[in-house]
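Q: Quick mapping for you: the protein sequence lines, in order, are chains A and B. Counting from 1453, one number per residue, gives the positions in the first sequence under my numbering. Counting from 1453, one number per residue, gives the positions in the second sequence under my numbering.
In case anyone wonders, no lab produced these hints; they're calculated from the structure. A hint or two may mislead.
Since the list gives no way to pick out one identical chain from another, each pair is judged satisfied if it fits inside one copy or across any two copies.
[Unchecked claim] Below, computed lysine to any residue pairings styled on SDA-like, alpha-carbon distance capped at 20 angstroms:
(1) Lys1479 <-> Arg1460
(2) Lys1479 <-> Asn1458
(3) Lys1479 <-> Gly1496
(4) Lys1479 <-> Gly1489
Protein chains: 2
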Amino acid sequence: MIEYRNLRVALLGAGSVGAQVVALLQKHGDELAQRAGAGLELVGVAVRDVDAPRTADIPRELLTTDAEALIVGADVVIELIGGIEPARTYILQALNSGADVVTANKALIATHGPELFAAAEQVGAQLFYEAAVAGAIPIIRPLRDSLAGDQVTRIMGIVNGTTNFILDRMDTDGEGLETALATATELGYAEADPTGDIEGFDAAQKAAILASLAFHTTVPIDSVHREGITSVTAEQVASARAAGFVIKLLAICERLTDASGTEGVSARVYPALVPRTHPLAAVRGAKNAVFVEAEAAGDLMFYGAGAGGIETASAVLGDLVSAARRHVIGGPGIAESNHADLPVLPISSVTTRYQISLLVGDRPGVLATIAAVFAEHGVSVETVSQSVSSVGADGGPATATLVIGTHEASEADLAATVAALGGNDVVRSVTSVLRVEGSD
Amino acid sequence: MIEYRNLRVALLGAGSVGAQVVALLQKHGDELAQRAGAGLELVGVAVRDVDAPRTADIPRELLTTDAEALIVGADVVIELIGGIEPARTYILQALNSGADVVTANKALIATHGPELFAAAEQVGAQLFYEAAVAGAIPIIRPLRDSLAGDQVTRIMGIVNGTTNFILDRMDTDGEGLETALATATELGYAEADPTGDIEGFDAAQKAAILASLAFHTTVPIDSVHREGITSVTAEQVASARAAGFVIKLLAICERLTDASGTEGVSARVYPALVPRTHPLAAVRGAKNAVFVEAEAAGDLMFYGAGAGGIETASAVLGDLVSAARRHVIGGPGIAESNHADLPVLPISSVTTRYQISLLVGDRPGVLATIAAVFAEHGVSVETVSQSVSSVGADGGPATATLVIGTHEASEADLAATVAALGGNDVVRSVTSVLRVEGSD
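Please work from the sequences and hints to get the whole structure.
A: Now the structure itself:
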């Protein structure tokens, strides 16, 4: 019989993740103790209301409304309250008392990460946050530890399950955005107010966290360029499909050198065309995946459930075991290091490929005119395809749809090109502008 | 200017991985020191012949033929010699002197893992082996740390790039095994003697390592059931494709309860039919992927390059940084724990789905006869499809091909069924028996 040191674990919050953490700790406590090398004693669960329905399966004697008292004397504090306050205050209190903290709070890490990491480092504690990005998918440890000997050059993540579900419905069933969103809401994949998901706020927080970690640089949430999926149309999805692409909302973190030779990082979120042959194109439904390009390791992908109570609880408990092992071993935690401190470059510094759809008058010389506009602005055309032309509905001149794929071009040059196209009299309208990400 | 403690790093072996480790350490040494919190001083590279061509890019003064002298006084020893001896002796020497060891040696971990882990635990050192399984893909840390709070139920891995390349060529280009193997050899994906790959020995070693780690149980290499790809025919691949499957060589590690109620683990390697909709089906060319099913986390997949000098060097350097951080923090390493110590069950305990192809005489009552054979042996039929019948080449009776998919059945029951089918006079021949793994 091995005698273990017992570690005192305090849980703040008993929502869908917290309830699963309690259940799994009760079910597998002995097994986890053997893996951790220490007993894991749940000393209390702080909730706002001990009589709330979701606390029904938690032993009554563990429940308390006094989070601050619970934190005192805990070895590990698990924060699953979410949001900024009071989560931030509780985490700082826990770290300052020398406890390790495990959190799934992406909003807090994305906005107050540096403050929290500094507090942890000062006392030699550690802040674990695997559950904050991509739910159950191990991505924080691979980036921090497995790739610690490598140089990450680029990350492309499908990190929001709601929008991936919606875009997948649009792609698979030909649904419009409204219908697909309604389905997502009905099936519980979207919240009553879906703004945080469909406008890309959630993905932007994860992009900030991933970029900070991968590039050892503080990437503030405000510096993440963000476009949601609300402007994606059924027509865009259908024509992407016809051209061998699928539209995905991507969180992109990239190390790049801008036109002036400045080396920096970019973090951005937008819907993009991904070739169907790319591994990210096969990520269906509400699944998440993070595609990592590294100098030596090459292309890696991490795939799985990005949300869900029990799935996220898996990541929380993995962090709890790591925290416990650390307590058993002793010594300070691994500090989050922002030593590289690269500048965060604006979206205008980014170069990427584009696909632009235009409605044009179908007459001789149109293509030459359009090609000249691209050339004038230094944007190199890679592919042109023209749909079957049709007579105008008003019996007027025939129109055609031109789909133009570009080589890599800067956001600035592309924006100038699109503006010039809009003002050119052979162009009826610019119907779609999408970036293309990921090679075949 | 931060002053770092300098750690002494000894490298044993300078093959394709070792040369890349030296190059990357020289290129990114300062950056790695910041991440590790310690300088990483390469104190020497032990080789058999200091004048061998592949050592040309390594500074002459680092080269030595005296590995044992190099190990003395090293903080971290990187073993990239491969094979059992002298690698085993050197690793034991290093661990016994208190050095951490980083290795990419799958054969050694699969056969002598328990001895090496015990030696490490005795002195509080740690043995790192991320590079031993699936090259650059982070899989050891996710299983040991990220999923430490979860219960892994099943792993299905494409862990051998050579065989995946061959099977992918057969699937994509319709090549036979011989032709695809010749292409693999020509392109450098297969060695001059491909036995270790195509007979499944390499995959079996990785299965033993993954099963031991995932189930906290010693899984000896001899207990891994192994079938290679040499019996896979172009016809099997084509008919799999027609039925919506792709044939992949899988390393399967499973927690299961056998017919007698004994809970245990199974580790096995064989070619299997995988539904095209399964994420593993999209793993093309020489890429590797490990699909993990866990109780709480659900389905996860880890994808990337499974081999290659620089890719494997990435994993080695990640382990080196972890070893260095551990030295800076102090305290004992994380011991590999086989506390669960589950019995390793034989292949006869395994149940899976099967697809059996039969050449039968095309006459009334054949299907009823065949169905009765399955029923007699307790194997439940899920699907039957019959190809267009044809007149025998000798002008004899027409024959038909029956493809029968079963529900889950035990290996023992299935073997008895196949034997009975072979002896039944309506069956001309049993042309293919393949297991089906992974759900749609």
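Q: The structure should be examined with respect to each hint, and the outcome stated for every one.
A: Outcome of the hint check:
1. Lys1479 <-> Arg1460: within (17 angstroms within a copy, 44 angstroms between copies)
2. Lys1479 <-> Asn1458: Within. Shortest intra-copy distance 17 angstroms satisfies the 20 angstroms Cα cut-off; inter-copy 45 angstroms does not.
3. Lys1479 <-> Gly1496: For Lys1479 and Gly1496, the Cα distance is within 20 angstroms only inside one copy (17 angstroms; across copies 50 angstroms).
4. Lys1479 <-> Gly1489: within (17 angstroms within a copy, 38 angstroms between copies)
Hint violations for this structure: none, all hints satisfied.
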